[in-house]
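A.B. asks: Okay, here's what each chain looks like letter by letter:
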Amino acid sequence: MAQIKIDTLTKEFPGGVVAVNALNLDVPHGSFMALLGPSGCGKTTTMNMVSGLEQPTSGEIYFDDEPITRVSPGSRNVGFVFQNYAIFTHMTVYDNIGFGLKIRKGGLSKAERHAEVQRIAEIVGLSGSLDRKAGRLSVNDMQKVALGRSMIVKPAIFLLDEPFSNLDAAFRAYMRAELKRIQHEIGQTMVYVTHDQVEAMSMADRIAVMNLGELQQYGTPDEIYNRPRNRFVAGFVGSTQMNFLPAALAPSLAEDGRVDGVTLGIRPEALDLVPTDDPRALLRASVVLVEPLGPKDIVHLEVEGRPVRVVAPPGRRPRVGDNVGVACDTKRVHRFDDETDLTI
Amino acid sequence: MSEPALEAEGRQAPHKRLAARFGRSESAVAQTLIAPGQLLLLFVIAFPAIVAIYISFTGWTPESGSLWYQAWKYWLWFDNYWEALSGGAFWHAILRTVIITVLAVAFEFAIGFALALLFLKQFRGRSLLTVVFLLPMMVVPAVAGFIFYMLFQTDGPVNAGLTILLHDVLHVTGGIHIGWLTDPSLVIYSVTIVDIWQWTPLMFLILLSGLVALPEDQLNAARILGASYLQQLRYLVLPMMKPIILIAVIIRAIETLKLFDSAWLLTQGGPGDASSTISVYLYKTTFIATRWGYASAVAILVLIFVSILGMRAIRPIEAATRETIEELATAEPADEAPSLEQEIEAGAVAR
Amino acid sequence: MLRITGKVVSIAVLGAGFLFPLYWILTMAFKPQDEWSPVGHVYWTPQHWTLDNFRQIFGVAQSTGFFTAAPTDATGPIVHSIVSATGGTLLAMAAGVFTAYGIARFRAGGSFLPFQILQLRMFPPVAIVIPLLIMYSYLHLVDTYWGLILIYGAVTFPFAVWLMRSFFVEVPREISEAAIVDGCSQWGAFFKAVLPQVRGGLAATALFVFILNWSDFLLALVLTSNRVQTAPVFLNSLQSAGAGQEYGPQAALGLVLIVPPAVFGLAIQRYLVRGLTFGAIKR
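Chains as they are written, first to last, in this note's numbering: chain C, 1 to 344; chain Y, 1 to 351; chain S, 1 to 283.
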């Protein structure tokens, strides 16, 4: 329920590795924020600093305008769900969930604790398994224990580090929906670390894209997807990766006639396959591979030696080796400066 | 499996031929392998046991003039056993030994654990310091006894050091002249101190290796939930280390029960019998009193006592070794995950 | 900050406590006679460093007015220690390595044998001393090298088995199976394929067993008198002679006794926990 403000946060490790560089982020009260980026981008380190497990080299973190950078993790009232759950395998499910309450001084009475554990167990769907030893659960159940254990102490902020990456695909989708639902119901501020952009896009109110310790862009999923600030964000987000072509290949798409030092970015959905003599065809390509996905096909083309991907409706499926023309929705073209990688 | 060899075989079911070859030779090899060991054990256990039992029923001593197999001339039936079990000396020796063992193992564990906790996080010079703390363990136990013999002299360095601390610096008392080796009520503790000095390093090593293997994420999770250092110790560290602690304590206890070397060099079991562990008592009965019949009976009793203890101890060690492997490895899912429909249903019902 | 100072202080205090006895024997070995145990005074460090104590135990003392109550030449006992410890180690290793392989690979002796061997360790050696003496005098093994080697081998055999077993278990089955497929017999597979894999373990186990044999006191005390008396027994005899106040030479001898286990022990540091817990805990 708290608001997080991250101010010029930097973490440098001995040996000169800068894991996080001058990060600035504002997470509004009650929102679901995804920290998205590839391995090593600094998202987990950032998370560890927010939770208190690591101390930043410089910078400050505020919860509701209170600086908590030097506060110990136990006193920050955050919940943390680890990627590998880190549940207490030698304890029962009941003791796992109830742990946070048990160790609190001057907390609830035993009966009250018992009731709380039951309540949380129901919410996460573990009511029947309370007596089982946590180490012997299925992976999915362990995940629920991890969630329940964190939820019971009613933290102001919830941090989740790729919590669903070890689950099977079907369960993962289910848990995502569940988590979003719970978050919405309780109005919990959540920070969710992931390298899966589909996850981030589907769950988050705001996404912070990071790479090599630097914040690349911070905005709503819509902004991230349709108005990427730089080439990295554009290329990282999107199930089928965006196509990057030097502007020289399609000068009509260049803006202000600027062709040199500019790269065009066009999403596969913004392209269409047309016959080679169609006036709309901006490029000529040959078909290299067709991936039929059911509701759509992904057609891999080659344009002057460069790969181009197009999302095509399943009806008119081309064959490998065919020559086709590529048409483009000119309103959905992004242009990147080759030197700075920024969107023009 | 070596590919070319298998392909060279060519014919059907190469693995069947391998199995046959293994089966035939395996048990023969196995028996031959353990034969020398079995012989050794026979020599050390079987024969001595028989002889000891025989003699324990007699009052024979080597000074009686007859050879050992003529010991029947001095047949006493169960007199020796009766004397041991009803008299005080035997039980006192056992009691002393148990006291020393319990105290020594307890302190070794406490200090060793404290040291292990201190050494857990990396710091400069840790490897060097570890060597320092390992040294006492390498000292020949007899020499350790001698060292403390020197230290515990009434006008030796321990008393001198205590005097400096308590008298010269703190002005609490007068000169310290504790009779570490001469006071019958203290001598047991002096022996215990030697054992603690020698073997705390072992506890330290074992416990440190256990601590290092603890899953860090679980401890972090507890920290974030608000657990203090002590709470982490109580709810996480100690329970997870239970198997290792058990092994360490049992092994140390077994060895301390046999204590002889350092105790002998320190006090020869004295003054009188005040620091005679069961081994020292047995030794004195054998070589000073030369009552071999009685000593054999005591020895047999000790062997019985130890066997019972051993059988009670084996099970926890076995269980502990198995548990260590289970618990410290990543937990495996025990059953199949329920289907997605079941999950949603369960969730819907819960709501 | 407070935590770190507390940590440093505790380690320093404990370290000092554990080191002091070693410091004492070290300095005592270099003290002249009048500094050993003067009445009412303690020399915390030697005022006059001397090598006389070492000269005494190595039998090269010149007449320095040095009063000793008993002969202090320890070269004989030291040699006896070396021979008996080495021999006992070789015997324990010979029997132990084979037994360990049998247990590890073929589960020879069923599931009981390993724990029977463990139980062996629980017996106080004193308990079998009488029959042992009887047996030995019968076989004329009393006060001989072979007598010691035999019993040392038997007593440290369990350690050799348990340690080597833990090393053999780490060698994958496929290695010996591959050798057999290539034409070796079981024995050939053992010597040519498996054994080289555990070379490190062999060395560590041998050193460990040597330390145990070297440290023995009771068995040698009982089974030797003057022909093959080992060094710890000799140390003890110096204790009873001269009213146990021959600190100097005793300390020198003690130091000599400490050196091999210290050196070997530090060399096999990694395996100490494994050895002393019968292979139950591997670091």
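You may find that some hints are simply not true.
Which chain C residues stay away from chain Y? Per the calculated CB distances, all over 10 Å, these [stated by the list, open to error]: (1) Thr263; (2) Pro292; (3) Glu302.
Here are the simulated DSSO-like cross-link-like pairs (lysine-lysine), alpha carbons at most 30 Å apart as the crow flies [to be verified]: (4) Lys133(C) to Lys105(C); (5) Lys5(C) to Lys154(C); (6) Lys102(C) to Lys133(C); (7) Lys242(Y) to Lys7(S); (8) Lys73(Y) to Lys102(C); (9) Lys7(S) to Lys121(Y); (10) Lys284(Y) to Lys102(C); (11) Lys110(C) to Lys242(Y); (12) Lys105(C) to Lys7(S); (13) Lys242(Y) to Lys105(C); (14) Lys133(C) to Lys5(C); (15) Lys331(C) to Lys296(C).
Stretches of chain Y that chain S covers, calculated by requiring three or more beta carbons in the stretch to come under 8 Å of a beta carbon on chain S [what the hints assert, rightly or not]: (16) 85 to 96; (17) 197 to 207; (18) 227 to 235; (19) 289 to 299.
For the record, the hints were derived by calculation from the structure and aren't laboratory data. Since this is a predicted model, take the numbers as computed values, not measurements. Positions of the beta carbon are idealized from the N, C-alpha and C atoms, including for glycine.
A.B. asks: Please go over all the hints and tell whether each is borne out by the structure.
C.D. replies: These are the hints, each one checked on the structure:
1. Thr263: At about 42 Å from chain Y, Thr263(C) clears the 10 Å cut-off, so the statement holds.
2. Pro292: About 25 Å separates Pro292(C) from the closest Cβ of chain Y, which puts it past 10 Å; holds.
3. Glu302: holds (40 Å)
4. Lys133(C) to Lys105(C): holds (26 Å)
5. Lys5(C) to Lys154(C): holds (20 Å)
6. Lys102(C) to Lys133(C): holds (18 Å)
7. Lys242(Y) to Lys7(S): Measuring from Cα to Cα gives roughly 25 Å; hence the hint holds.
8. Lys73(Y) to Lys102(C): Since the Cα atoms of Lys73(Y) and Lys102(C) sit roughly 72 Å apart, the hinted pair is violated (cutoff 30 Å).
9. Lys7(S) to Lys121(Y): holds (11 Å)
10. Lys284(Y) to Lys102(C): Violated: Lys284(Y) and Lys102(C) sit about 57 Å apart, past 30 Å.
11. Lys110(C) to Lys242(Y): holds (27 Å)
12. Lys105(C) to Lys7(S): Distance ~27 Å between Lys105(C) and Lys7(S) Cα, so the pair holds.
13. Lys242(Y) to Lys105(C): holds (26 Å)
14. Lys133(C) to Lys5(C): Distance ~39 Å between Lys133(C) and Lys5(C) Cα, so the pair is violated.
15. Lys331(C) to Lys296(C): holds (22 Å)
16. 85 to 96: This one is violated; 0 residues, fewer than the three required, reach chain S with a Cβ under 8 Å.
17. 197 to 207: Since 6 is at least three, the answer is holds.
18. 227 to 235: violated (count 0)
19. 289 to 299: holds (count 4)
Taken one by one, the earlier hints fail for this structure at numbers 8, 10, 14, 16 and 18, listed in ascending order.
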